[in-house]
Amino acid sequence: MDFVISKNALQKELGFVQGTVEKKNTIPALSNILIESVGEGTIRIIGTDMDVTLRCETEAEIKTPGWMCVSARKLFEITRVLPDSSVSFRKEENNWVSVKCERSSFRIAGIERESFPEVPSFKTATVKLSANIFKTFIDRTIFAITLEESRYTLSGAKFILNNSGAKMVTTDGHRLAYIERQDLGGNAPKEGIEALIPRKTLAELTKLMTSQEGEIGLGADENHIYFEVGPRLLISRTLAGQFPNYEMVMPKGNDKRVEFDSVLLGQAIRRVALMADDRSHAVRFHLVPGSLHISSQTAEEGEARETIATEYNGGEIEIGFNATYLQDFLNAMNDSAVAFEFKDGNSQAQLKPTSDDGYDYRYVIMPMRI
Amino acid sequence: MSKIRVLSDHVANQIAAGEVVERPASVAKELVENSIDAGARNISVDVEAGGRRLLRVADDGEGMTRDDALLAFERHATSKIGALEDLERIRTLGFRGEALASIASVARVELITQIEGEAEGTRVLIEGGRMRDVSPTARPRGTTITVRDLFFNVPARRKFLRSEATESYHLTNFVTHYALAHPEIAFVLTNNGREILRSAPAANLRERAYQIFGADFIENLLEVGGGHESVASVRGYVSAPRERRTSRDAQYLFVNGRFVRDRLIARALTEGFRTVLPQGVYPAALLFLDVPTEEVDVNVHPAKTEVRFRRAAAVADAVRDAVRGSLASSGFLRLQEDVDEQVAETGGAFDTGMPSPETSPGRDSSRQSVETREQGEPRPFSQPAQGATRVEAEVGAARSEMEQLRQEVIEFIWSPTEEATPESGSQGEAPREMTTNQHAASSTDSSPAPASQAGRQVAAFPPVGSAAGIVRSVAVESLSPHILPLGQLEDSFIIATDPDGLLLIDQHAAHERILFDKYHELEAARRAESQNLLIPETFDLTPAQAAAFDIVAEELETYGFGLMRLSGRTIAVRAVPADLPAGEARNMLAEVLDACDAEKRGAARASLHEQIAVSLSCRAAVKLNTPLSAEKMRWLIERLLNTSSPTTCPHGRPTILRLTRRDIERGFHRR
Numbered sequence: 001m002d003f004v005i006s007k008n009a010l011q012k013e014l015g016f017v018q019g020t021v022e023k024k025n026t027i028p029a030l031s032n033i034l035i036e037s038v039g040e041g042t043i044r045i046i047g048t049d050m051d052v053t054l055r056c057e058t059e060a061e062i063k064t065p066g067w068m069c070v071s072a073r074k075l076f077e078i079t080r081v082l083p084d085s086s087v088s089f090r091k092e093e094n095n096w097v098s099v100k101c102e103r104s105s106f107r108i109a110g111i112e113r114e115s116f117p118e119v120p121s122f123k124t125a126t127v128k129l130s131a132n133i134f135k136t137f138i139d140r141t142i143f144a145i146t147l148e149e150s151r152y153t154l155s156g157a158k159f160i161l162n163n164s165g166a167k168m169v170t171t172d173g174h175r176l177a178y179i180e181r182q183d184l185g186g187n188a189p190k191e192g193i194e195a196l197i198p199r200k201t202l203a204e205l206t207k208l209m210t211s212q213e214g215e216i217g218l219g220a221d222e223n224h225i226y227f228e229v230g231p232r233l234l235i236s237r238t239l240a241g242q243f244p245n246y247e248m249v250m251p252k253g254n255d256k257r258v259e260f261d262s263v264l265l266g267q268a269i270r271r272v273a274l275m276a277d278d279r280s281h282a283v284r285f286h287l288v289p290g291s292l293h294i295s296s297q298t299a300e301e302g303e304a305r306e307t308i309a310t311e312y313n314g315g316e317i318e319i320g321f322n323a324t325y326l327q328d329f330l331n332a333m334n335d336s337a338v339a340f341e342f343k344d345g346n347s348q349a350q351l352k353p354t355s356d357d358g359y360d361y362r363y364v365i366m367p368m369r370i
Numbered sequence: 001m002s003k004i005r006v007l008s009d010h011v012a013n014q015i016a017a018g019e020v021v022e023r024p025a026s027v028a029k030e031l032v033e034n035s036i037d038a039g040a041r042n043i044s045v046d047v048e049a050g051g052r053r054l055l056r057v058a059d060d061g062e063g064m065t066r067d068d069a070l071l072a073f074e075r076h077a078t079s080k081i082g083a084l085e086d087l088e089r090i091r092t093l094g095f096r097g098e099a100l101a102s103i104a105s106v107a108r109v110e111l112i113t114q115i116e117g118e119a120e121g122t123r124v125l126i127e128g129g130r131m132r133d134v135s136p137t138a139r140p141r142g143t144t145i146t147v148r149d150l151f152f153n154v155p156a157r158r159k160f161l162r163s164e165a166t167e168s169y170h171l172t173n174f175v176t177h178y179a180l181a182h183p184e185i186a187f188v189l190t191n192n193g194r195e196i197l198r199s200a201p202a203a204n205l206r207e208r209a210y211q212i213f214g215a216d217f218i219e220n221l222l223e224v225g226g227g228h229e230s231v232a233s234v235r236g237y238v239s240a241p242r243e244r245r246t247s248r249d250a251q252y253l254f255v256n257g258r259f260v261r262d263r264l265i266a267r268a269l270t271e272g273f274r275t276v277l278p279q280g281v282y283p284a285a286l287l288f289l290d291v292p293t294e295e296v297d298v299n300v301h302p303a304k305t306e307v308r309f310r311r312a313a314a315v316a317d318a319v320r321d322a323v324r325g326s327l328a329s330s331g332f333l334r335l336q337e338d339v340d341e342q343v344a345e346t347g348g349a350f351d352t353g354m355p356s357p358e359t360s361p362g363r364d365s366s367r368q369s370v371e372t373r374e375q376g377e378p379r380p381f382s383q384p385a386q387g388a389t390r391v392e393a394e395v396g397a398a399r400s401e402m403e404q405l406r407q408e409v410i411e412f413i414w415s416p417t418e419e420a421t422p423e424s425g426s427q428g429e430a431p432r433e434m435t436t437n438q439h440a441a442s443s444t445d446s447s448p449a450p451a452s453q454a455g456r457q458v459a460a461f462p463p464v465g466s467a468a469g470i471v472r473s474v475a476v477e478s479l480s481p482h483i484l485p486l487g488q489l490e491d492s493f494i495i496a497t498d499p500d501g502l503l504l505i506d507q508h509a510a511h512e513r514i515l516f517d518k519y520h521e522l523e524a525a526r527r528a529e530s531q532n533l534l535i536p537e538t539f540d541l542t543p544a545q546a547a548a549f550d551i552v553a554e555e556l557e558t559y560g561f562g563l564m565r566l567s568g569r570t571i572a573v574r575a576v577p578a579d580l581p582a583g584e585a586r587n588m589l590a591e592v593l594d595a596c597d598a599e600k601r602g603a604a605r606a607s608l609h610e611q612i613a614v615s616l617s618c619r620a621a622v623k624l625n626t627p628l629s630a631e632k633m634r635w636l637i638e639r640l641l642n643t644s645s646p647t648t649c650p651h652g653r654p655t656i657l658r659l660t661r662r663d664i665e666r667g668f669h670r671r
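Going line by line, the protein sequences match chains A and B. The first sequence runs 1 to 370 under the numbering used here. The second sequence runs 1 to 671 under the numbering used here.
So here's chain B without its partners, still in its complex pose (with noise of 0.2 Å):
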């Protein structure tokens, strides 16, 4: 007997279904991008339980006709393109014609629609993708579609959905996306009968922005505009820097009007910020990239947030460069030539993960450079070399961020290793190639101290430059428990060996390192005070903040906070946490607002508490240029040892260099 059979297309269709509709806010913007497609000026969204129970989108968009109106929810069937050639010039939001016939299959959904002129309009029902009912029926011009009881027949899907407050919170937000990206449309969403969001047809983005977000937002916001039409034309709004955010759930990014979550783009927005924002701090920003169809395949995935662009590197520039230029033209960074080439140079991380046909001129410029070092290098060392390979092979493997920005780190420090060569002449060329810090950094040439001071400041480059070539960082897993200090170099350096070989330890670095561990766990345990007010607060939420508060209003109580939900998105703020000043424990609601994707619960007072432990470790952690005793070193390294990270310092730079035995021993021609 034959094991293979064809499934019936109602299997199909719930399988599909998995794929496309995901929780209710999937369902909500299939919906939504239907009437947008369809030329709607007024599009209303009611939700009720969450989604779950009740969904409707209602549309004044051009409708459908009888036919249209049954065919619409066979799978494949789509009025938006016919060929597959059609697919390279995409401008409708949908196209796959699968959403309708993969919602039918889950739930029971009834259709209304009217086109304008027509005498009667037509009502479609169908229960778990099952035409029960088609009748006629009167509206105005435009369609309803009511979605009840998602997923009543797929009960394992059922229950992956989330709380009501979190399915909530999607759909709020989704909402918000796309009354961002469409201000000419006039947006309704209620959720069991409480208005969420109302939004007028705006003229504009800012308007639309300003009906959403209120005045506070706005005013922090620069306007972007760059690129070019043929790459990637970029307009929309950045935060000031002054507006920080631990998550990048305010960065809103839309492709030819459709909402994408792009990790290509949000990196070259943070790279954009660089030096400006502190590394773990994101921008808010909304930005719109229109990008020609034949550039970029939206049918990745069918969701649709995904895309993939044929140019990358160039969009990713295209976005980074428009960033940029807002910044430096509202005062927040000088735009320096070499800046822009030090970020190009660095700018082949963008392509990770993202294999792309043409390779970015910044890598190009980065290889030659580590070429024409290994021509004028004198020396049998073959480390530079060898580091740099390394790099190249890193950087197209993907990886985490926290990696991929200490690769960045790595590529940085072997791009300028003038101090191998001091007399070829590079060494006038690297350091202009740095900002303006690092500047101070190399130019003060190879003592380690000073270099090291500097590069202090600057948390994304750790001072091993100075030490370029052989001296490396540690790995944990070599680290051994008998670490004997010898003394000091400079007062700031503990010099010690080990069976490996000689260490160099940064008792600044080293010291943070044991105060955070104490410090971060005091903090953990700390318990909630609360200061009341004398005049409660009221803070007007933003849409998905509103949605986000019921999920986070006990939390946030936890942690001192007293509050109280008056009407619509307006909540008044009684009694704040004791241990903040005033002023952070503002920052800290919007962040919990903000972070509140059920994952990040918790996030925003665990980096707090982390800010407030690294700085307090920070100021007590003994100084550079002071002399320890025997005692003290021992001390200090054995506590070093026992710590959650021994060999990086709180702001991640590392706390112990080794030159091992084999490069001195090689150093001295003994291999």
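The following block holds chain A by itself, in its conformation from the complex (with noise of 0.2 Å):
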């Protein structure tokens, strides 16, 4: 194989690969890349960890086509260095790659295509959504997905959309992030899809989509589904497995409710947090009608306190929150006011954005007995 290529263009495509590509050098075939020849006019990336695929496909000039195999992150770390320019790839015996740009030259060794995995087959994809859409569906629940490897079910976030419209949930447990669309911008989907889907797919599509405009396309089937965005396509192994019934946690019966500020509530939150236990991050909410009072403690280091003017009318309550939990949803919302909606000191609260622009967005959201 034999080709020739921007720089730019291939730095772009490797830095989206490199996202896939085994980290953890299990097998050693899966820290490499897979470049082949498509036509006279284009190059197609495959990296696979097995459990996501991504393929990419970029303009080159093929001048033998053909295959080659070799290390992502090398590759990655060369054309990152290289000048502006183009660059060309010639294959070499015993699959080594040469790599030229204007004055520098590499060699590369390659392995044999063989030990390269297969790339999972898949249908074309069957249901449109809007980019933008499914793009603020993952920045507003992802923060919630659990980081402890042993909860398989949680690691992911539940999607399922259908012609009333698309929703994701995630959760670790301790809350729970769900956001809802109704309004899909017309194209009410022929299918139906109901997955759960890895963390680390849901990353690498942030990724995907940012410069990306208009629709992405979506498909699945029993283990995987796929997205196609722009030139890529990524396919994600789902994960097996039963997500639990956020229905029944959704809080019924919260009859107090308080609006925020939602910048002047997290700067509270942020600063009150620095005097939190480094390891609970315990901060109390003491509401009483006309205000709310944020505290916090530690033993050794001392304690913080502010105070926030609110138009709560209710009855005098204490509750215990993680800090941290607070900021991630203030963060993700957007919104200039948040409303707080909550029963006692030990039942779920929820939180949501007050004003509506199309998404059904709450946050679930258990406290701590402090």
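Derived by calculation from the structure, the hints in this document are not laboratory data. For each residue, glycine too, the CB sits at the ideal point set by N, CA and C. Misleading hints may appear alongside valid ones.
[Stated by the list, open to error] Listing some non-contacts, in silico: residues in chain A with all C-beta distances to chain B over 12 Å:
1. G15
2. P28
3. W67
4. V99
5. N223
6. E311
7. E316
[Stated by the list, open to error] Residues from chain B shown here face chain A by an in silico Cβ test under 7 Å; the list is partial:
8. E529
9. S530
10. Q531
11. N532
12. L533
13. L534
14. I535
Hints are included, so try docking the two chains, each in its own frame, into the full complex.
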């Protein structure tokens, strides 16, 4: 194989593929990427960790068609520091690859194509969805996915798409983020999708969609879900198992409600959290008619306290929260005012933005006993 | 008037009962062993009020005739042996003929038994050792023994019984052991009418373990098989290294089908896991040893949980090798000749407290190497030889586990003292006897800094190895408050003097100790904060854990757990301690439940706090290769002297080494 490509185009694609390539190096072949020619003006770059596979296509001048298989990290590092010019690739004997750009030249060891895994097969994307909506879904829920590896069924987002709209739910057992949108811009999906999408897939998708306007294509089979984002195709294994029954968790009968300026509240929590315990991040909300007192203390270091005026006129109440959980939501929420709904110091509280931007966005958080 | 009297049988039985019948669980043990010896296929145990009010064992074994049933309650009446020689060939679990007599002397006992084909069975009623009634009765083949009001006539004994929950815990634990040892027998255990354990006859141990412990436990088990039938054949399971326990409670050891508590086997097991599991962490294990009957003495104690091996060292080796083999074949351990040799060398410690007629080959070789060194030792210093003798002497003495460990360290340090004789050629040999980490440590030769850094990664082997000979770790008592820092060696070790000579202080280790004490105190004073869970998590407990649950539930609540008992052995967790990462909380729950012996209460929390304090202090402590001003050195030393253990860091390595004035003078031939 023999081709020439612009440094910038190559770097951009390698940047994407880099993210999916196996980092733990369990199967050595997975640290490589496969580059193959498609017709005369396109190359295809594929990287995978067996769970997530990314296939990118970009323009290149193919001189001899074929394939090559080289270390993803090395090629990416080299490409990054090359001058802004065209780069020519040539495959040599024993899978070696030579890379030339202006005055620099490299020889990189490659591997056999056979040792590179097969890309899972897929159907064409059956459903279209606005990239903007899907991106909002991810941004507003990804932070609540558990980081605990052992909690397999919580380590992804529940995504449901059907003719009544789309929703995404994530949780780590302590809090839960829920977002739903009924208006999907006219094209009601013919086929429904219901899948548990791994966290890594969502993170990679966010990267792919940063520059993507318009629509993305989605499809799913029993074990995989795939996304067409422009010329790139991301195929991900879905998580098997039972996502918790989130509907049961959504609070009912939260009879107290108070609204805050989300910026003010966010800043207050940030300050008070400085004196919260390092590991539990506990802050105390003390709500009385007219104001909210937020406080924290650490036995050794001291304490902090801040008061925010509110229009609250219900009964006095004290609730403990993990400050990080609150901050996560306030950062993702992207609205000027936030509504708190709760019942008592032991039951789940619900937070949501007050304005209507077409999304039903809710955050359920379990209090702490402090 | 003569003072000496022969005790009546009744009193003698009551005294004997003190040895055999310690608590309800020991009654159950004797009765269940009888059932197993009688060839039962189904054994059911019913317990009320922790076994104090009622304990009933029913089986479908061979049963007894009327005469046997009466004779069974006589002391030293047994069907299992007839002559002393039989003791050499004990295949049955019981044999002393004491149990029933002892039990009957301290409780109200009803025995109902029937032999297959006989027209009628027999019912015998005995209270406090006195026969009350013998009458014909009917039941299917087998024997039922009901023990009511245990210790009703021995108030002193009754007072020593623990709470109902504790006694139930012991009973449950015990029945679990026997269910594991005899997968072919069906066991049912009910406590106050609640079914605690039910296991149908299983084809093998794995199936039985699955019935009892569930899938999670089984997934983490590695199969063990090895040993030699002439010494001890070893089979069973050990947990994969990812499964960690803070106590040995999850180690079930059996010798010829008999549950034993044996330090020899337990230590050999730990030895097998050395370098795979950190210090203070134990594997779970189900190990079955089959030892030729003439090679093992089970008649050590009436309770028969102690055994004595004729060839203790060989048995220990068999266990250790089988365990290492299993770890190796599942990829947790690379089995190398030289690693084995090294283990064999420290293997001398196995014999501790269990004097064996034969010396293990490992000890021989270690002694030999000491001798060789002595011969090739050109210098007048006799320290290494002295040290070796000391070690040998200490091996003989029974010591606490901690000291044992330290002693192994010392032994280890002495064996490869290549530094003293770099040209003797022993240098090439010695490092290969070490584990890989050690290899790095000693092949970098005598420079103290890199050696100690490498040593840092291996908790068990502190860095003094490179300081062979005259620089020694320091006893706390010998530390004087007048320590004057002179400067730093390689920006890592403080050089100081005190009235006894020269001191080397590892600045990182010293600071670690100071910080550890501080963090440890803070951890202990910490309030329990609790994070409620959105979705309660359910856990299926093992029978022993379920029994433990009642004892520790309250304690767990004070840590910040919110718990609720659901049906059977399932509990729901509604809240977890907020200061722990979510995964840790789950581990802690299991650990507390496993370590629930009354004495060990709070142990899991304490050890967890300790772990946290260790890692916090290690991260925050001043690093090696950091220049320190004189003020800082003085501050470090002053604070170090005020800590709980100035001479060791929280990982157990020394913080201070000393070169005594005496040795310095000797070195200069001034003495």
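Against the structure, the hints:
{"no.": "1", "hint": "G15", "result": "holds, 32 Å"}
{"no.": "2", "hint": "P28", "result": "holds, 17 Å"}
{"no.": "3", "hint": "W67", "result": "holds, 34 Å"}
{"no.": "4", "hint": "V99", "result": "holds, 37 Å"}
{"no.": "5", "hint": "N223", "result": "holds, 22 Å"}
{"no.": "6", "hint": "E311", "result": "holds, 28 Å"}
{"no.": "7", "hint": "E316", "result": "holds, 20 Å"}
{"no.": "8", "hint": "E529", "result": "holds, 5 Å"}
{"no.": "9", "hint": "S530", "result": "holds, 4 Å"}
{"no.": "10", "hint": "Q531", "result": "holds, 5 Å"}
{"no.": "11", "hint": "N532", "result": "holds, 4 Å"}
{"no.": "12", "hint": "L533", "result": "holds, 5 Å"}
{"no.": "13", "hint": "L534", "result": "holds, 5 Å"}
{"no.": "14", "hint": "I535", "result": "holds, 5 Å"}
Consistency with the previously given hints is maintained throughout, with no hint failing.
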